[in-house]
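Keeping their order, the protein sequence lines are chains X and U. In terms of the working numbering, the numbers along the first sequence are unbroken and rise by one, the last being 705. In terms of the working numbering, the numbers along the second sequence are unbroken and rise by one, the last being 705.
Quick caveat, the hints were computed from the structure, so don't treat them as lab data. None of these values were measured; they are calculated from a predicted model. The beta-carbon is built from N, C-alpha and C at its ideal position, and this holds for glycine as well. Honestly, I wouldn't trust all of these hints.
Stated by the list, open to error - Footprint (simulated), chain X over chain U, 3 or more residues, beta carbon under 8 Å:
| # | stretch |
| --- | --- |
| 1 | 118–131 |
| 2 | 192–201 |
| 3 | 208–221 |
| 4 | 677–685 |
Number of protein chains: 2
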Amino acid sequence: MMATRCGSLTVQLLRCCTLMLVFAGLVAAAPTTRRFKWDVEYIMWAPDCQQSVMIGINGKFPGPTIEANAGDLISVEVTNSMHTEGLVIHWHGIRQIGTPWADGTAAISQCPINGGETFTYEFVADKPGTFFYHGHYGMQRAAGLYGSLIVNGTDQQKEPYADEYDGELNMLLSDWYHENVYAQAAGLDGKGKHWEWVGEPQTLLINGRGQFDCSLAIERDRKTCDRRKTDAYCKEGDKSERCELIRRSECGPFCEGTQCAPVVFDVEPGKTYRLRIASTTSLSALNVHVEGHKLTVVEADGNSVAPFEVDDIDIYSGESYSVLLKTDQRPQAYWISVGVRGRKPKTPNALAILKYTTSKSEWPAAVPPATPAWDNVTRSKEFTYKIKAREGTPRPPTTVDRRILMLNTQNYVDEHIKWAINHVTLSLPNTPYLGAYFYGVESVAFDAATESPDTFDRGYDIKKPPEAQAPAAQAETAVSNRVYKVANGTVVDVVLQNANALEAGVSESHPWHLHGHDFWVLGYGEGMYEHDRDFKKLDVTSPPLRNTVVLFPNGWTALRFVADNPGVWAFHCHIEPHLHLGMGVIIAEGMERLHELNVPKEAVMCGQATRAAVPLAPATSPSPPSP
Amino acid sequence: MMATRCGSLTVQLLRCCTLMLVFAGLVAAAPTTRRFKWDVEYIMWAPDCQQSVMIGINGKFPGPTIEANAGDLISVEVTNSMHTEGLVIHWHGIRQIGTPWADGTAAISQCPINGGETFTYEFVADKPGTFFYHGHYGMQRAAGLYGSLIVNGTDQQKEPYADEYDGELNMLLSDWYHENVYAQAAGLDGKGKHWEWVGEPQTLLINGRGQFDCSLAIERDRKTCDRRKTDAYCKEGDKSERCELIRRSECGPFCEGTQCAPVVFDVEPGKTYRLRIASTTSLSALNVHVEGHKLTVVEADGNSVAPFEVDDIDIYSGESYSVLLKTDQRPQAYWISVGVRGRKPKTPNALAILKYTTSKSEWPAAVPPATPAWDNVTRSKEFTYKIKAREGTPRPPTTVDRRILMLNTQNYVDEHIKWAINHVTLSLPNTPYLGAYFYGVESVAFDAATESPDTFDRGYDIKKPPEAQAPAAQAETAVSNRVYKVANGTVVDVVLQNANALEAGVSESHPWHLHGHDFWVLGYGEGMYEHDRDFKKLDVTSPPLRNTVVLFPNGWTALRFVADNPGVWAFHCHIEPHLHLGMGVIIAEGMERLHELNVPKEAVMCGQATRAAVPLAPATSPSPPSP
């Protein structure tokens, strides 16, 4: 046994392949409550064969997969055993309709669960789809606090492609740094020459497994391992970047039972599988390629899309997809190769194995397939633009109540490097907004007097760095915890406008994720968004729904949502260090209806909310004297 | 310039030597308020020439030295900029008379200051002495959260040796691990084969500076550094342990301005200096030797002791001393050598330099002096037993109201390794005890129904491991947050009784520290304490006062205190991983008088105290509609 075979070796990865061919989507059971009990603690783990301290759940990394049916109530009792660190867990893609305090965003929807405390998240799995959960406090996601959340369709909420597949595979993608998140944060918080960028991750992980340096794994137990020669996959003397990456990343057989053995998906020939893919990377945009197999995209972020076939998919942090994969090739083992997009990769590809049950060999014979060139943005756009709504997708309202333009810039603020939206960089308050509104302490808890700006100076030249702007378009970047206040029922259009970063000639991709909602992706464009010119080109009749959307370099992305879910929601770049540097906004939505909700006191009473509460009278009765 | 010279290079270390010859102890000023504003954050620092993430204060490690006069009010506004980690700061040696909420013990006296929050500690520097401050939440002390706290004598509170010295030097000792505290905690929390002991520290630090591997410092800047041959200090071919340690620890000149350059204390010849020495080590017991100079001990933990002269001093974590040092030797540079006691040292000695201002050379010519053999316990006892009260020291009450015997054992609990006192291992609640009492929520906040046991089965054989005990003396180890309730005014005698650890033949030293008090050290003994036999040998008439006392292997230590300071106080082994493993007890003292105190709500309202509070009515007025 050379690797982690799903359903046999590792209970933890059981969900990664469902060998029993479930005829999916036909769950007829009545909604039920799915209860989970989690202990979150530091664990020593070797996700890429190198031992590190990570945040684990119930002693393992990644966290357990949650599986539920649409309509089920999910109840997760979380105990924080991390001593000094608080925590929250965000259920990414769950809209938290009527339960905004369960969204798991520290300083926004909830107080941190402090060390020793227990908090129970209860929320409805409101629709079928491929989701995940992760820490949403500081950079705890990057420390390993995440796992899969899969919501199956039901008779009542049937996925339109439910009858088209025989079995499921699940792949949660992430990236991993050897430098701990405290040091990463220290670097990002540094002033002037002490500022230090986190750099590229050391390893990409598939279901929490990667291989940083194979020799490490092998040296741990030479008796049961031998290293396959890399020459089998890359000709000797070939010193191309690709081969160098392969030599670093692909190591042949691994010691049985190590935490970093590659994932093997066992599949039966002649079937169709639904491969679920979600990305919770800290930084990396990824591409997923399954050697020798076409992929038909059917789901994006829990929403059905008009099916389209591709050789590989791009996936940004915060996104999820389902693709249908037919096991119609020669019965052997194939590589699943995951590579970096958009940033010059210093991180080798992650590899998993798709193995036909009738395969004679354990390992693929070929060289792992290359993923597309990292800097081919055109190819990324082609993939993204193919995503259209499937027939039957709800359509957006046609009347727009509010339009918000959001300029994404990178700025210096007091010698710190920050990201800003309309010249405001997000600084979270120590009182969760939801608690501040619930207890009526907005004015002391955050800057409630000033609202976040709906636009920016149209003279801003997005092709130039901030300091090269004309004087009229120069604006001081404010560090602020202010919000967008949006009344219940408002239809909001947002245009994300990208711009040049601090360095001339550099503009980055940013995957923006909205909490509490799906939104319609109305369209994308190059350069500066000009409403009169561009609005009419948007697809406002049948655009796809998503919860995360990419903003391409030097371009814009338009989206629409209906403010029908009272709560305080984050809308932010899903790149962990970008959010850390302030790249997000807060939407306080339908606060006038907050009192209709049953906000649990323990979720939101901390910071200024606590100060505003009236304590019980101190105990005045004497204690019994000591014996 | 080869090293950090006090008063010139480094403002941070300015206090480490007071070249201006202050005629000490004659401060006549009226009590004043000393205000400090601290930002606690992760910093990248190289305390031993290796870069690590540490907890810094105002961007530096160690934290700034606080200096005050006896009677002054010290006010420290602490802002937590660590994102996800809470923090508290304990003012070690300050009795917090009337301000128990300012003692800075998480889950005991105070809620953690969460990320983004600010809390102001205000307390009176109640008496002159050599103190320090440090984190008291999880293992944050070991992460670098500490600094010196020096309280000068005044006309009203004059130290009896105030006229005997011309200047002051200050030395805060600590130890440093390359593995971060989260990983250390993960190891200590591990179950069964996942349990991992922290091991020995990599480096000892003097005022936050040590040298792990000199070559690292030198390689950073070869231009300004050259490595002095170790042969000058240890003959070639001498492979003794001592010489090996010297080869590792002693490196000759260091690069100017590095964070790990050794401390140089400049002294004038023909003077007497008060050398303050405090130890905030995580693990190590230490010995301090000043080459060629005798030391006269005059202060222990802020209490005057009858002066005695020694060649070197032992110091356990949590202790502090002042020694008088005469600069009566040849005017040259001398080594100050700090080595490990009590555990087989894998950590090289720390070195600093005492340099006469008239010295011709920058560096000592001799081999750094060896500190005593680590396993010479007899020598340690000899030093400790020499500590007697100075004339004028307050005497203990002669009537004892309560006697508590505390058996220190190491035990397995559910495959975890723990330390226990009378078969109870301390597990802190998520609601600070002080808040639980103040708001009358003891019963829900911790086990208030069961009191900590005042004794243990006298059939327990302290020479055998727990599992080798006779059936009658076997006791299950309870994990509990229960307390000792002590009524105001009670005179309490405690006998700490050491025993064999889990491994046969092993018994360790434990420095026990009491919060909120000084106590009288009545005596020490070998083997099992037998009251009828041993009590009469105790010094109950003029014993020395301390706040920390060592419990020697296989022996006992007796102490007395008066419960005259209402508050909830920790009494615990000051070894960080030992406390982490439960080696402490909680004393809830004078709780019947708690209502007389002005406990600030923000100090204690978290956990169950928050749940018990009555919140303001939720806001019901609608927010203004969005524009």
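To see whether the hints hold, each was checked on the structure:
no.: 1; hint: 118–131; verdict: holds (count 6)
no.: 2; hint: 192–201; verdict: holds (count 4)
no.: 3; hint: 208–221; verdict: holds (count 4)
no.: 4; hint: 677–685; verdict: holds (count 6)
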